[in-house]
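Number of protein chains: 2
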Amino acid sequence: MKIGVFGTGMVGATIGTKLVALGHEVKMGSRTANNEKAVAWAKKAGAKASQGTFADAAGFGELIFNCTSGAGALDALNAAGAGSLKGKILIDISNPLDFSKGMPPTLFAGNTDSLGERLQAAFPETHVIKTLNTVTAEIMVNPGRIGGGDHVMFISGNDTAAKAKVGEFLKTQFGWKELVDLGDITTARGTESYLPLWLRLWGALKTPYFNVKIVKE
Amino acid sequence: MKIGVFGTGMVGATIGTKLVALGHEVKMGSRTANNEKAVAWAKKAGAKASQGTFADAAGFGELIFNCTSGAGALDALNAAGAGSLKGKILIDISNPLDFSKGMPPTLFAGNTDSLGERLQAAFPETHVIKTLNTVTAEIMVNPGRIGGGDHVMFISGNDTAAKAKVGEFLKTQFGWKELVDLGDITTARGTESYLPLWLRLWGALKTPYFNVKIVKE
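Going down the list, the protein sequences come from chains G and C. Heads up, our numbering is the position in the first sequence plus 125, with the first residue counted as 1. Heads up, our numbering is the position in the second sequence plus 125, with the first residue counted as 1.
All the pointers check out, no bait thrown in.
Where chains are identical, the list cannot tell them apart; a pair therefore holds if satisfied intra-copy or between any two copies.
Dumping the calculated DSS-like pairs for lysine-lysine here, alpha-carbon to alpha-carbon at most 27 Å:
#1 Lys-296 with Lys-143
#2 Lys-143 with Lys-341
#3 Lys-290 with Lys-331
#4 Lys-338 with Lys-302
#5 Lys-338 with Lys-296
#6 Lys-302 with Lys-143
#7 Lys-331 with Lys-302
#8 Lys-143 with Lys-211
#9 Lys-162 with Lys-143
#10 Lys-302 with Lys-341
#11 Lys-296 with Lys-213
#12 Lys-296 with Lys-341
#13 Lys-213 with Lys-302
#14 Lys-169 with Lys-143
#15 Lys-290 with Lys-211
#16 Lys-173 with Lys-162
#17 Lys-127 with Lys-169
To be clear, the hints were calculated from the coordinates, so they are not data collected in a lab.
Here chain G stands alone, though its shape is the one from the complex (with noise of 0.2 Å):
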């Protein structure tokens, strides 16, 4: 499948890497056409992955990934142009951090209004699917990591049909076990307000490494 992933980070590289790995063929893309960061991860990822501006990423892939700062998300989406990004699906994975104010963050959205909702809105067209924003990296991909897999990602998004598909790639190729529905974009408020909760328990429990499971009657 061809993939674009928005951002050059952390997020964006692992991601990126993952998807080459399961074979799929990747460009990143970044606001320049060769980024260093992205021009050294396609190098070091192989010859499925290339690079580009988000333009360029957004009209090569059939699925979208939203590894950008939060911050830096609307733009990075028109600079893609919601020609490119018409009709497709695009996995919101960025988190409304505010670092103006110190550490540890704070939002920009969440409490009255949402990140996803902000990015669905300006596209109306695109299918955003917010998951994946609640935890780090490595786990995203690699889930079985901690407790064998056996924890939860919570999905939000408007389209009933794209958020199957998400979810059956997230089950598919990273190896998710359980995903959690929450309902339209709106509920992205609620996985983007547990960012607080998510940076204190990293500090509390001295690892990036954990995720939640749902205990329930």
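We have chain G; now place chain C onto it with these hints.
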């Protein structure tokens, strides 16, 4: 032990009833000395249950549970008075829920501030410990109801000794098996910010009887 419980809602009644069943003497506090719901609760809960004003409950209790609504928490503590709360542990279960913008509720604190911090700042000589606010009332006092009690409770507070006492109380009295000490009272931002996800999970799971378990490396 003599315990004061602020609030006559479902949380206050559930906590109060459990404490009486455990053999404690409990005074339920509200704005008026003979609040109808508090009188009815005390009559039903038995000889060790009584009711009074917030100040009465604060004066009575060696330990205080704040089970008011988030919006009413500061008023309740103000009505109790700093004198009667001085040197005591106040277990703050309230959440900063704002119902004014429709359902599900949004938060009036939790991002750059938390309700737990506001209470601690207003009553610096009281040990405010934030905990129990991440599960429904029945699970607070009976964690064994789901998953054999194999799930987690978070705890936040500035005073290490007070936090240890509350942790011991939760374990020995309510049956909690696993506590995660998130740190000082600023970490209440984490658990308060989790509420939007909790509310969405309630919708998705179709039951409030659930909690999370930490899975880590």
